[in-house]
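> Residue numbers (the numbering used here), protein chains in the order written: chain A, 1 to 524; chain B, 525 to 1034.
Possibly wrong hints are sitting among the right ones.
As a list, the in silico DSSO-like pairs of lysine-lysine whose alpha-carbon atoms are at most 27 Å apart [claimed, not checked]: (1) A:K249 / B:K873; (2) B:K873 / A:K298; (3) A:K435 / A:K516; (4) A:K427 / A:K516; (5) A:K117 / B:K873.
What follows is a set of in silico ranges between Cβ atoms, one per label pair, in the way DEER data are often shown [claimed, not checked]: (6) B:L770 / A:D140: 33 to 41 Å; (7) B:D909 / A:R296: 20 to 28 Å; (8) B:G651 / A:S294: 46 to 54 Å.
Source of the hints: derived by calculation from the structure; they are not laboratory data. Cβ atoms here follow ideal geometry from the backbone N, Cα and C, with glycine treated the same way.
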Amino acid sequence: MLVHVSNPTTLVRLSRSLSLVHTSRALNDDPRWPGWDVVVGIEVHAQIKSRHKLFSECGQGSLTSDYSVPPNTRVSPYDAAFPGTLPRLNPRCVELGVRTAIALNASVQRRSSFDRKHYFYADLPAGYQITQHYAPFATDGRLTLSKEDVHVRIKQLQLEQDTGKSTFDPRNRVSEIDLNRAGTGLMEIVSEPDMRSPEEAADYVRTLQALLRSVGSSDGNMEQGSLRCDVNVSVNRQGAPLGTRCEIKNLNSVKFMMIAIVSEVHRHIDLLEQGLAVPQETRGFNEDRAETYSLRSKEDAPDYRYMPDPNLPPLLLNEAYVTEICQSMPELPQAARARLLALGLSRRDVDVLMDIDSGREITFDGQRSGGALAYFDQVAQRRDPRLVVNWITHELLGQLASRRETFSENSISVEQMGGLIDLLHNKKITGTSGKSLMRHILATRTTTMPSTLAQELSLLASPADDSNLEAWCAEAIAALPEEADAARRGNANVVNKIVGRVMKASRGTANAQSVKAMLLKLLH
Amino acid sequence: MLRNARHGCSHLRHLGSTRRHASQISHLSGSSLKELNTSVNALVYIASDGFPVTGGLPLSGFSVAVKDNICTSSMPTTCSSAMLLDFISPFDATVVKLLQDGGAYISGKTNCDEFGMGSLNMYSVHGPVINPYQPPDSSVSWTDRERRSAGGSSGGSAAAVAVGMCDAALATDTGGSIRLPASYCGVVGLKPSYGLVSRWGVVSYADSLDCVGVMARTVRDVRKTYNVLSVYDTKDPTAARPATRLRAAEERDKHQEYSLDSPLSGLRIGVPQEYFPSDMDSHIVQPVRRVLETLRARGASIVPVSLPSTRYALSAYYVISSAEASSNLARYDGIEYGTYIDPPPGTDKTKTAKVYAHSRSAGFGKEVQKRILLGTYALTADAFDNYFLQAQRVRKLICADFDRVFCVPNVLNSTSQSNPDFTGVHVLLHPSAIRTAPRLPSSTDADHDLGAYVQDVLTVPASLAGLPAISVPAGHGMDAWPVGISIVGQWGCDEMVMDVAEICERYNTT
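So here's chain A without its partners, still in its complex pose:
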């Protein structure tokens, strides 16, 4: 007991001071606002991809941001703040938090602690949210944007509870509360004000999304609300000190975030040009009018009465624990990209491959699910990676799409896909046959190996000297006398039409080159 009584000296409120490091970056005059500097910092709330909530064992099975889950069906007595319930920290959430911190080059704190943030709201059943106000989970990280010379410093990462959802039904004038989301684990990732434009802000969010997905710590889906952004914007005249920041709350798409920043920048410039001060405010964003509006001023900021949570002992993470997670980290997007390019894949193929299912290689609680990248890696072992990537990104994805299936529904095993590639590579089947074979496996969900199937379905390529070939060709010439005449007169295009007829007759097993050769031999 008493371990939970925090050392008072550690309870120093973390100041959110604006650092001046950004001034070292070259200033580019933005044609939208010449003479002005824009400074952006972002707080991201990302739902932790665990089957259970942060402090309760509520079976989720799906993310609580999933709209298809009926309201109030993923709620334990703890989530509804029933008397007598107590929190129990979900170790999977901690592990995913550590993974994220490592991926962000942040230092995982050996000791962090949980605090209660109090306010009354209908979607907050306990009257407080458990967060990490005084001693956050990880600090001092860095994220490199796709524009490689831009690094955004990560101030801190903290674990906290999500709230429920309240929606107002204006017709019946009632608020509807759904507690499915209440208590779900969140990571709050706070950047330093290191972004200089709406585009850099968008780049930051997209890069972060890809990183969270690659380590499996969050689905990072803004539309569904598993990733939400609060954006701090300030504007100053070039060379002048930083301006006063305003926070825009709850932006739920990258597009709206950019629009909100642009609108906010213009609002600040308008005020400053009139010689007025920008008041420090928290603002909302009206998507229809594409402008921000005041929610509350600094003076109206609520007193959250932070208190160390007396039920939760400090979270102590030893070196060995962090090292172990470090060693079993999934491959980060930048490393994966570099590795694939080194295999000889084209930039475009890498992009497509890494974008399948938005790069989600990991399901709940950090378990590897064998996403598209893992699938590629396994099939490409001892095979030509370019052939493999072609068949995955073009043919397999195309066929899945026409079946209205996602990659996770792909029924072709690694072994089957490997066998198919081998048949193609060894010219045992033609490309056309390969496609038919793939279609067949997807339709029947058979587990039989492609070599056996090719035999059963008579899809094996016809050897070039096969007597069938001559018979098919003779038959085609007889069936298309006009085309045959034209071909004899030297019309090369018409030959292809006759080739097509032969291919059809052979059900794709004939080799098109051999057919053409045989036809020309027979015609001349």
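On the provided structure of chain A, position chain B as indicated by the hints.
Using the frame of chain A, we list chain B on its own:
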């Protein structure tokens, strides 16, 4: 004894000196229980199912009443609050489940101060508990006895045990809520070391202080029940882990160099000088002195000790407990469960708090409201340092005071080392209360002032330090009402504390 002849109620013969017939009394039928309860108001719910015939388990044939702030799925859990008047928990507290698994019969729910806040068991939506005790020389019938408080907040548990409605009762102690009513009602009450008994299913008042404990008529029955409850529960994040329990037991065994039989050679009992405040009734000191003299005569060493930070304990306790209470009670808004009062037409509903205010004003009693307001203030940004953090610092000083006087080191504190040259005391002994049970104020009495809080001086230090403390009867005051003494030990020394309590109990009865 004297009274049964007068009002012809046979089971009441056990009042006053109950020990002999204790086991018979607890098997009272439901209707006799109800009749008895009319005059005591100890039980707020009486189980309707029959006493189970089970055997072979540690608590077979044992009936236990449960304080109404401990969750039961088959009975209401009101916390004596209008806020939870119709509330039935969807689950059983771990302690309730352990009792049932141990063969005990849960006989009902006991009255208490609202959410455990109070020292007199007056602040209850079910009405006050009337102390069942009556001095032997009283001339009026038992039902017309003097209306004195049973103590709080676990007054119902103490009274139910004292009057024989059950063999033992579960209670909770945040700042003295077990030990004080035990003292006033003349029963035994144990507040175990913090973290040894699970709090899952115990409605939080102040999480860092709340302990579940046991009340019974003998130390033996308390121990029997405690042994069933003192197990690690993964559902309680503040539960002491098995390794910590083991380490505490090892440290305790190293220092158990005394004999429990006469002579008590080697047993060192500390008497803290700060625990005899000027407000203490002189007739409390006499029985305590008698106990100490008896112990010394049997070979124990009585050592005067000082716990200098004690004088700050009360303020620190009220800041911490109120701050935590304001946070823990924020959940009662009438939305998910509990009492909901519709705001009257025309209410400003722009802020959620303005809607909740109606339910919370109607649902909470005045003492609870007072503490929520105090705690809310202590946590505001401007007051946090001076109140909440200062109280936490004082709490550390209190802990350090205790660690300095005990010979057993505190296994929760890495800096507390076993010093072979140091002969600290095994336990501390002091009065449980500054007086015998006070008269219940009639409705015309003025509001209680700070007097009700001053009592807590003797009990809150052990709560702040999370130490085991037990109150045992130690004779009677000049008004012939029961006096209790408290024995306090190092964290994890619950067995030692009960051992010494048993010695005191033995000499008190002989």
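> Return holds or violated for the Cβ distance of G651 of chain B and S294 of chain A against the range 46 to 54 Å.
52 Å, holds
> Going straight from one Cα to the other, do K249 of chain A and K873 of chain B come out at no more than 27 Å?
With a Cα-Cα distance of about 23 Å, the restraint between K249 of chain A and K873 of chain B holds, given a limit of 27 Å.
> Hey, K435 of chain A versus K516 of chain A, does the alpha-carbon distance stay inside 27 Å?
Since the Cα atoms of K435 of chain A and K516 of chain A sit roughly 21 Å apart, the hinted pair holds (cutoff 27 Å).
> Given the hint that K117 of chain A pairs with K873 of chain B, does the C-alpha gap stay at or below 27 Å?
22 Å, holds
> Does the Cβ pair L770 of chain B, D140 of chain A satisfy 33 to 41 Å?
The hint (33 to 41 Å, Cβ to Cβ) holds, given that L770 of chain B and D140 of chain A are roughly 39 Å apart.
> Has the hinted range 20 to 28 Å been met by the Cβ atoms of D909 of chain B and R296 of chain A?
Given range 20 to 28 Å: holds, Cβ gap about 25 Å.
> Can you confirm whether the C-alpha distance between K427 of chain A and K516 of chain A stays at or below 27 Å?
The given pair, whose Cα atoms are some 17 Å apart, holds under the 27 Å limit.
> Assess, step by step, whether the Cα of K873 of chain B is no farther than 27 Å from the Cα of K298 of chain A, and give holds or violated.
23 Å, holds
Going down the numbered hints, you'll see the structure goes against none, and every one checks out.
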